[in-house]
Amino acid sequence: MPKPAILTLILALLSAFGCVREADIDLPDLPTRIVALSHFTVGKPIQVEVSLSQKLTDAGDPVVPFNADVSIAVGGQFLDKLFRVTGDDGRFFWQSRDLVQVGTEYSLGVRIGGFETVEAVSYAPKHIPISEMRIDTGQMRVTDLDDGRRVLRVPLEIQLATLPNQRRYFAFALRHEIESFEVINGEPIPDEYYDVQTKFLADGRTLALVYDTPEQVVLINENYWGDGRAALVLDAIVPFDPTHERPRRIFVEWRTLSEEFYRYHLSLARQGNNLPLNDPDALYNNIIGGLGNFSGYSVSEKSVVIPNTF
Amino acid sequence: MATRVSATLLLLIFFCTGIALAQDSLRRSLVDFDCVACPPADALARLSRQTGVNIAFNTTIFQDCPPVSLAVRQEPLETVVGKIAACARPSYRWNADQVVLFRKIERYTLSGYIKDAETGERLIGAGVRVRGAGAVTNEFGFFSMELEGGGYRVVVTCLGYQSDALLLDLDSERMLIFDLKPNTALPEVVISAPTTAESNGGQTGGQHNLPFSATHGVPMPGGEADLLRMAAFQPGVQTGVDGLGGLHVRGGNADQNLFLLDDVPVYNPSHALGLFSVYNPATISSARLWKGDFPARYGGRTASVIDVRTRDGNLHKRNVELSAGLFAASATVEGPIKRDTSSFLISGRATYLGPWIDFFSKRENLLAFSGDNITYRFYDANVKLNYLFSEKSRVYLSYYQGGDVFRNRFAQRFDNLEGRLTDQYSLGSEWGNSIAALRWNYLLKNNLFTNTTVRFSRFFYESQLTLLSTFLGASGRESLVANYGQIYQTLIEDLSLKTDFSYFPKNNLDVRWGFSYTLHAFQPGALSVNFLVPGQSPVTIDSLSNSLRNNERLGADESELYAEVDWRFGKHWSLEAGLNFASFQVRNNVFRAPQPRLRLQFGGNTDWRAWAGYHRSAQFLHQIGSFNISLPFELWVPTTARVPPEHVWQASAGVGLRRSGWNVQVEGYYKRLERVLAFLSTSTALFTGGAEDASGWEDRIAAGTGLAYGLEAIVEKQFSSTSVNLVYAWSRSERQFPEINSGRVFPFRFDRRHDFKITVEQRLAPWLDITLAWVYATGNPITLSGVKYQHHTPNGEIERNVFVYTDVNGYRLPPYHRLDAALNAHFGAGRFQHAVQLGVYNAYNRFNPFFLYVDSGSGTNAKAIQYTLLPFVPSFRYSLKF
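Those protein sequences? They're chains R and U, same order as listed. Per this note's numbering: the first sequence = residues 1 to 310. Per this note's numbering: the second sequence = residues 1001 to 1882.
Keep in mind that a hint or two might mislead.
[What the hints assert, rightly or not] Have a look at the derived ranges for each label pair, beta carbon to beta carbon:
| no. | chain 1 | residue 1 | chain 2 | residue 2 | range |
| --- | --- | --- | --- | --- | --- |
| 1 | R | 251 | U | 1553 | 39 to 45 Å |
| 2 | U | 1744 | R | 78 | 32 to 38 Å |
| 3 | U | 1590 | R | 77 | 55 to 61 Å |
| 4 | U | 1644 | R | 180 | 51 to 57 Å |
| 5 | R | 89 | U | 1644 | 45 to 51 Å |
| 6 | U | 1401 | R | 157 | 29 to 35 Å |
[To be verified] Which chain R residues face chain U? A few, computed with CB under 10 Å, are given here:
| no. | residue |
| --- | --- |
| 7 | 103 |
| 8 | 267 |
| 9 | 284 |
[Stated by the list, open to error] Covered by chain R, according to a simulated footprint, are these stretches of chain U (three or more residues, beta-carbon under 8 Å):
| no. | region |
| --- | --- |
| 10 | 1411-1417 |
| 11 | 1783-1790 |
Please keep in mind that the hints were generated in silico from the structure rather than gathered at the bench. Where is the CB? At the ideal position from N, CA and C, for every residue including glycine.
I would like the entire structure built from these sequences, with the hints used as guidance.
Right under this line is the structure:
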C-alpha cells in the first residue's frame, strides 16, 4: 500500500488546517504483569526469558526479576525447575535441564513475589519436513553490477512431504553459503566459507502472505496453502563478487509451528509498525495471568547446491 | 301455452312502449326557468319544485362546479337540466315522472410535468393534489394519476416555489405542464434547517430529502458548501472526524453507501480525503438520502443510498454563477441552445488549497521536510446537455470529471563525521472519477413512463514514490546509496445499461420495474518496489507504469431485475413493497441475491404518522484497505469464490407528529450485518525486499458479522423568523470476526453512543440571517496500547517493542464537539444577485482528536500525540449570479 504518499498528504492537510499537540490521555491502565517469552524446539532445553511489562510511556530497559521461580510440568506433574543462565549477550534467561520431546505438552509456571503467577501450555508439533527442494536452473539469472559484483537470482521450489488439512503453520529462513577463494597461479583456491542471510523475491500473493518475525524466520500465512498450492516458490537473491566469491549452497530452515507460535507471530505482524490510522489487532497471548508467548516448534534444515552455470 | 306466452310478450311491449312515450313527453315538456349565480344543486332543486318533476342527484357530483346563471323560456326540460348540470357532465336516466342524474364513472389519466417557470427545468419531488388524490413528480419531473372524469381543482406545490392551482374539466386523457415561479420571498439561504427530515414527498424516518440549497447557509470549512457534510447532519449518519473517513450510515462501512450522480454510481465521492465532496452545489437539482428501507430500484449497497441529480440547464435564458471561497472557486454557465427545446449546463470548480498547504507545512515543519515542494489541488467539471424532442421524448447527456492531484518533493540530510547522506523523496498521488450518462425519457402512454440510461463510471488511483539516496563523503566524492521506486494503481470501471418503467394504473397505485446490466472491470491495485543496488541501471517510474498497465484486469458482470409497488389504501395507509433480484458473475462463479423491501406507513392527511419497514440487501463490490478510515487508494474488489458477498437486513419503525409548526420524529432500527468483510493488513511485506502486488488480496480478507441498532429523533420548530432543528441519535454498532480480536466482539470503528446536533437559523432582516450549528458526539473507539514489553531476537538484539493491544477499539477518544456560525447576506442590483457568507468553523477552537499516536520514542519517554484536523477555521464565500 502506498502509505508514504497518503500519510504525507494527511499530514500535509493537518499542517494546512490542523494542529498537532501533545495530549494528556488516560492510557489503558493495565497493571504491571509478568512477561514470559519462550520458543522451544525438539532436542533442546526450554529457555524462558522473564521480565516485567512496562507502561507505554516508560523509557529504558524493562525490569528483569532475578528471583523468578520458573518451572515446567508435564501432564500436571512437576518436571523441572529451570535455572537462571546468563547468556553471551549478558541477558538472563531460565533454562531447563530436560530436553524437549516432540508432541509432549509442557506447562510453564512463573512465580514472582507480589505478582500473579502466570501459566502457559504448548508443545513442539510433529515435524512436516521438506521433501524436495529444486532449483529451476533454466530460469536462473545473473545481473552484472557496475562495481563488478553480480547478483544471482535462484528460482527455488520447496515441496513438503505432506500438507495437513488443517494447522498449516510453517515458517522458514533462507541463507546461502559463499565460498571465498584466492587465485593462485591462475587456480582458485578456496579460502573460507561463510553463510549469509538470503533475501528473496516472489509473486505478489506470496509476498502478501509472508511476514518477517522477531525470531528471524519468515512466517507463512495458512491462507497461502488455501489456493491449492503444495509448494513454496520464490527467488533467492544471492549477490557475490566473482573475483573472489562463489555461491555454493542455499540452506532452508523449515519450521513446523504450534498454534501458539503461529498465532502470536501473526498477531505481531498485524500490529503493523504502529503507524497512525492503522488498526492493529489485539495481541495473541497464551500466558495466563501475564503477557508474552510460550510456544514450541519443530525444525529441520535442507540445502541444495547452486549449479555453477553462471 | 304458446298463446299465453304471446299475450305476455304483447303486454310487455305495450307496457314498455307506454313508459317510453311517457319519458319522452317528460323530456320534451317546455319550461321557463331563471336563476342567477345559483349553485347547480340549488338550481336543480328549484327546477324540481317548479316543474313538479322529481330530479334526483347526489350533490357531490357538483362539488367542484361553479354557480350557473340561466334565463330560459319554453325550452325542453331535458335542455334546461343539461345546461344546469353541464359542469358535472352527468349521465341521465329518464323515468315516467322523474329524472335521475348520476355520474357515469369514466376514468382518465391526468399526467404531465412540473417545471421551474424561470429556467424551464423540471422539478423533482413536486406535489400534485386534487380532491382525494395526489402524486409526486419523479426524477424527471413527471407525474401521473388516474382520476374519475369531472371537474377538479389541481394544486401544485414544491418547496421553494409558489404554489399554483388550476381548475380542470377532466373529460379525456390530459397532459399538463405546470410552470412554478420560484418563491423569491424565501431566498436560498433561508430554506429551513439542514436537518429537514421532511419536505416534498413526505419522507419519514430513514428517508430524507437533502435540502441542497441549504448548504449555502450552513457554515462549512472555508465557506465551501458541501452536500455530504449536509448528509452528516441527519441522524444516524456519521463521518470520521471533520469529514475525513467516509460516511457511515447506521453502523455501516463507508463502502456500503451507494453514491449516485445522475443515476451513475460514484466510487469515490470525496476530495481532499473527505474534506469536500465531489458534488458541486452549483450543479445539484435534488439529493435524497435513504438510510434504510430503500426502494427495490436501488441495489448493490447495503447501508444507504444518496441519489443526486444535476440540473438540466436553463431553457429560457443564459445564466452565470460565480462563487469563490477561501479554498475553492467555481463558475457555472447555463442556458438554452435552442430556446425551450434544448439547454446546456457547464460548471467547473477548482481549489487553491495547495498554496495553503505549502505555506503552513513549511511553517509547521511537520515532517521535518527540507526543501518541501508540496502541491495539492482538486477539480470538478460538469457538463450537461438535454434535448426535448417533444413533451413525450427527451434525451440527456451528462458528464462529470473530477480528481485530486498531490505532489511532494523533499529531501532529508543526515550528517556525520564521514560525510552527508541525502535522501531525496518524490511522492505523487492522483485519483479521480469519470462519469457519463446518456438518458432517454419516453412517455409510452400517459401513465407509463420509461427511462433508459447508458452509464459509464470509472475511478482510478495512482501513486508513485521514488527515493534517491546519495552519500557525499568527506573526500568530496559522491556515491549512490540507493535508488528506489514504487508505483501503485487501482482502477474500477463500469459500463452499464439500465431501463426503468414507471406505471401509474390507478391514483392509489404506482408500479415500477426495470433491469440493469453492468460490466465491471477491476484492476485491484499493483505495487512494485525496486531496491536498486548501486551501479544498477536506474528504474524509472515510466517503466514501472508500463509493466503495470499490462496487468490483466479482472472482469465481472452484474445484473439486476426489480419491481416495486406503492399502494395507498384506506384513508391513511400506504404500502411500498418490492423485490430486487441481483446476479453477479465473476471467474465463472455466479452469486444471486433476492432482496425484498417492505415499508408500511400510516399517515395520509393526519398529523400523526407511523411507519415500519424491512429490507434485505446484498453487496458484491467491496472496498478494502489497511487504514482505519476510508481513503481513496483503497481497492475496489469484486466478490469471488473466496470473498463472499455481504448481506445485511434491517428492520425499522417510527412515529412522527407534525402540528402547530412542530415536527417531531422518532425512529428505531435494528440491523444485522450477516456477512461483512474486513481487510487484514500487515505492513511488513513492503520490507521483505521484494515486490508486492495486490494479487494476494483475496487471502487477506476476513468475513465476519456485525450488529447495529439505535434510536433516532428529530425535533423541528419553525417560529416566525427563527427555525430550530434538533437531531439526536443513540446507537450501538459492533463487529465480530474469527480472525480479529481473538474472535471476540468489538465496537465498530465509528460506533458512537450519542450523536447530537442542533441548528438554529435566525432571520435578522429580509436580506440577512445567521445560522448557528452545534455538534456533539461520543468519541470514536480506537485500539490503543497500554503496556509494552521487549521481544529480543535469538541473538539478543532488541527486535521490537511489543505493544500490548488488549482489545480492538477498546479505548474511546474524547468526545467530539464544535460550534459553527455563519452570517449570510444576499442582495440584488438589477439582474445581479450577490450572496456573501462570513463564518467560523469550530468557533471555540475545540481540539477534537483526529487520531492519537503514541510515539514510543527511542530512549526517551513515550508521548501521546493528538492530531487535530480542523481547529478554528474562518470561512468566507462570495457568489454572484447574473
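Practice task
Enumerate the violated hints, using their earlier numbering and listing them in ascending order.
Solution key: 6, 7 and 10
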